[in-house]
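Required output: the full structure, derived from the provided sequences and hints.
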Amino acid sequence: MDRTGLGNSLGRNVNSPRKRMSIVQSLKKNSSGLSMSGRSNQSVQVICRTPGHVVESFGSSLPVLVTEALTFVDKSTAVSVCVSADGWAWLICGRRILVWQCKTTIHDPKQRRIFKSQCRELQLPQSDLAHKAECIAVWLPPGQQVPSCMAVSPEGIVRFWASIAHEGSSVETSAELAGQEVNCLTYIPGHGCILATTTCTVALLQPQFVSGKNSIVCRVLRTSQGWLGGIGRRMTSLIFGAIPQSPVAETKLVKVICSGLGEKGSRVLILAGLSLQYWSFPHNEQEKMEFDEDISHMVSQAFQRKVWESSACNPQSMDTWLIDMQFCEEGIVLLMAAHCADISMQIYFALGLISLSGTSMANSFKWFIPVKFDYILFYHVDIETILLSHRFILCGWEAIIYDQFNVIVVNCASEHEQEKIELIRGKEDSILGGALCSGTPVLFTKNVGLVSIIPTDFSSQDFNTNYTDINATIDYNYKNDQTAHNFSILTSNDELQDMFYSSDGATQLRAAFLLSLRQNKLQCEEILTQLFPLQEEPVMDIDAILDTLALKVAKDLIDDYPANDPRWTNHRDLSMTINAVTAIQIPHQLEGKQKALDLFVSFLKEHNLWDRFCAVTYRGIIMSTSHVLSEYAEKIVAAMTIYNLQNRNPELIDSIIEQTLNPETYVSEELTSRDIFYREVSAVHLFLPTLVSNATEVTLSERPTHQVAQYIMQVNSILLGVLHEVVKYRQYNAERFVPTRCSNGITEYLPWTAASGKHGLRNCLTTMHNMTLKHGVTGTNDTTIRNELYEQLVSLIDLILDGRKCHLESIRGTEKFEILLKQYETDRMNLIQPLIKEEQYENAAMLAEKYCDFVSLVQICELTNNKNRLDSYIDKFASQDFAGFLFSWYVKDGRQGQLVERCRRGGSIELTEKLSEHPTLSWVQAVLTDELRFAANTLHSLAVQETELVTRKKSMLSLAKLALLASDEPEYEIKDCIKSIDNELALIAHQEDLPTGVLTTYGYDIEKLKVFTPVELITLYTSEDNVIASEYDFKKALDLLDYVKQEEEKSSLKLRIWARAARRDSWESVEKNPKQQAQGTIFFKLMELAYMMGGKVKEFLPSVDALLMEPELGTLAASSNFQFLVKLLYEYAYDNY
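Start counting the sequence shown at 1; every next residue gets the next number (full-length UniProt numbering).
Note that these hints are calculated values from the structure, not bench results.
Everything hinted at is true.
Derived lysine-lysine pairs resembling DSSO-like cross-links, with alpha carbons at most 30 Å apart: (1) Lys-979 / Lys-1010; (2) Lys-867 / Lys-850; (3) Lys-822 / Lys-774; (4) Lys-876 / Lys-306; (5) Lys-1127 / Lys-1075; (6) Lys-850 / Lys-774; (7) Lys-1010 / Lys-1045; (8) Lys-555 / Lys-758.
Quick caveat: nothing in here was measured; it's all calculated off a predicted structure.
Here's what the structure looks like:
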């Protein structure tokens, strides 16, 4: 659905940085009778689904002969299957070969239907050993529609059928292998087949037709001792002659593969033991071996570096195996295994790419990815047989590794993306073979037959549902030269001349378009120069003449009238038509409009008008002109799809079409509703809201709930079927409609499939989502219908969110972005959460992954207790800081303990790093890992920073002290730290001694008391509100001066404490015994207490002059009685202390 980044077909390039197979690849490879995933367009069955892939039935139904063979086969009979790249499959069961076409390559529909249902049975030669599908080759000779077949028995008896349609007509010969066993047979276009034995003898089998008879010529490849014993010496020639009686050494063959090189012929790679041979097979020329290399050292080094990450493994203690290989654009991909006895007996697997440049091979792997199965193999004597049972299919950047019972998909662009697929679930089931068929990876299982494995990321999938019930999908590869000729000549020269001299700009642009088609460049350029004169500097002009005229002509093209339909003769708007539609039949009319619009786009680009496009006001927003043109093209696709679906649902769709048409659209009784509806393509989108409105009425009716559910499913299949084709077209043609740079930053891209209002589909998609959820899923007990509705629900959500996401990306950096982003995030959660509530975890996870709904992803993992998936998301979304989000989620949800426990039990490195960045939790992790000194330091640091709760600070300090005492650190190293903690605890003790009444008076919360500073504590202890204060409270205030670091501040506070102590008593008169009077004051008692507790008078008592000048004394400082008594106390203190 995203409009950018689709580019050219990926083919089988595993070096692309993109991580999923492009939809363009499958579109380019498929014929018009196939869906975008490479399947036939019949209804497909979803076998199973994983977060990253969906497994579906592939191709046509299995022939009866095949089904019977699988059902009634004896358990002791070996069964195997192979599939060719061009759509032929063959099953070996005993001596029987059953050949059928699983994917059609015949373009005549009648022949396709007839042959597709046929299965041919051939008889294999007698053998004491089991036949296998790898020793059979089926290929389609040039110009033929029925394939040839060559089969070789394990003993070397060769049988050839020139046509499998004539099973009784075959020729046979012996390859004279002298007891060697045949391993495989590989077809080489234009040369025949290569036969290879298990011990690496290789022969070329060439079918020939001489004097009206078929025969087989066997030419044997005799390799040097380097190939059969001591592999590694470079070969320089190919010598044919007699087969040696026995091989020199037991080098076991692994794989033979062939790849076409276009006009250059073919290339063949032979993998045996740890050696690789490259052969060139040019057209009509002698074969040539290009190299023979031992790659064992390269494999060993890669395993040492990537798997064991050290040199502790002695290469002499290593065993390595080459298991399978496949071609890719950059070279060859190998599946390998290794074990090192110095480290463990475990077998490790890996995939690696060796680059090929022409006929030269790189001396190291371009990439090397360890493969992790969910089972562990250990080395034993017979391990090689188990290892060589593994095979893999390479599709794009994904490698699908399988054996008889297991399947794992490895993303070759990221070693962290490896996914197991639970395909085999019954004891009687097994995988009988696999291959890449027309760009789609397929496996053959005993219970299901052929299945495809397709990525489920919606950006490149076909929505993975069963609604594509279309007779034929749409072929978007146009051939326009004939079309241009057809409709341009229908406009006469006189008509064209009138258009040329017209004063109407749109008419002149149509004339220029027609003149361009007639190759009249001079007059075409004359019109365009006058209409759209060049400006020295491009101006950003919204709704410019060029843009509006181009869109008007394009709209006229898609709404044009059928030129040759006599029923429209008197009803055509001649001001807009250019006779682009010449066909009588509606589907051909739509194809004509599609091709005409494509020609118009080419015309705009050819004459450099496209690059001058800016933007127009469209559906209430400023939209790029090229995007509007793309919308016109998409509506043609929508109309074509509705027509195709109409053959399946004629009553429903005919009814909706009639309801869609307004009374004013009536033309004449001669024209049907279909004629009128499909003529005005620009309004075709109105069909879908009408369809949804009908579904709403049904849900409000008194129909039984199960009938309502079925009706909703039918409406969904039509709605999603139409949008499926629209999205496919949008993706395939993204580069054709890329906006020009002058419109960037000003325009918005809101696809019509996501726009609100009567011209968009957002409202009807939301309505169908709600209806499917409330009336569909809950209205049926049928598991099949229920599952189908869930699949449709996922597709609806994907369409809604993708449209919103496209719009958001187009307005990034504007004022609207933040507002719409919040709305999008809210809607995203509201759409995905119901799936989680219904326990549709896999579907919910797929959507949440695509649209980065991290809340839902974490919720799913928590509900399913899937910690491994959660760890994989940390890697997958590392660039979006998923680890940071997960950390915040744990903390906000009050699950700090769970977070710490997760990290302690081997959580992801990223999460552990986040934990270490948050000391409030990292100290717990440190305690659990016995890092007590680190925990103590962290707690002490946190306590020093704590200001909110004194209880929390005290707990932190106490735990820090406890951690220090419990650590193994020497006492002298922790002495100072413990002293510092004790000082902090002493300060808290002073705070705890504060009278409750004082705290209440000042409005402090006793239960959640804050941390007071020393100055605050002094103030509270000595305040007048502390009415019960005694000399002990003032002494505590003096003690708190030790926590004040600034000497000037300390002196000031000391004066304030003594002044406040003085004000606690009355000094207005002097009694008969002034000494006794003075000794009864708080001031004297404080002096006495300070002295008794070891204080020095000169330290705890300020000078009398400074005290008398302290403002805190107020009017008391001027009292002579006070001065007398205070000086008396000072005299006493200095005499006695």
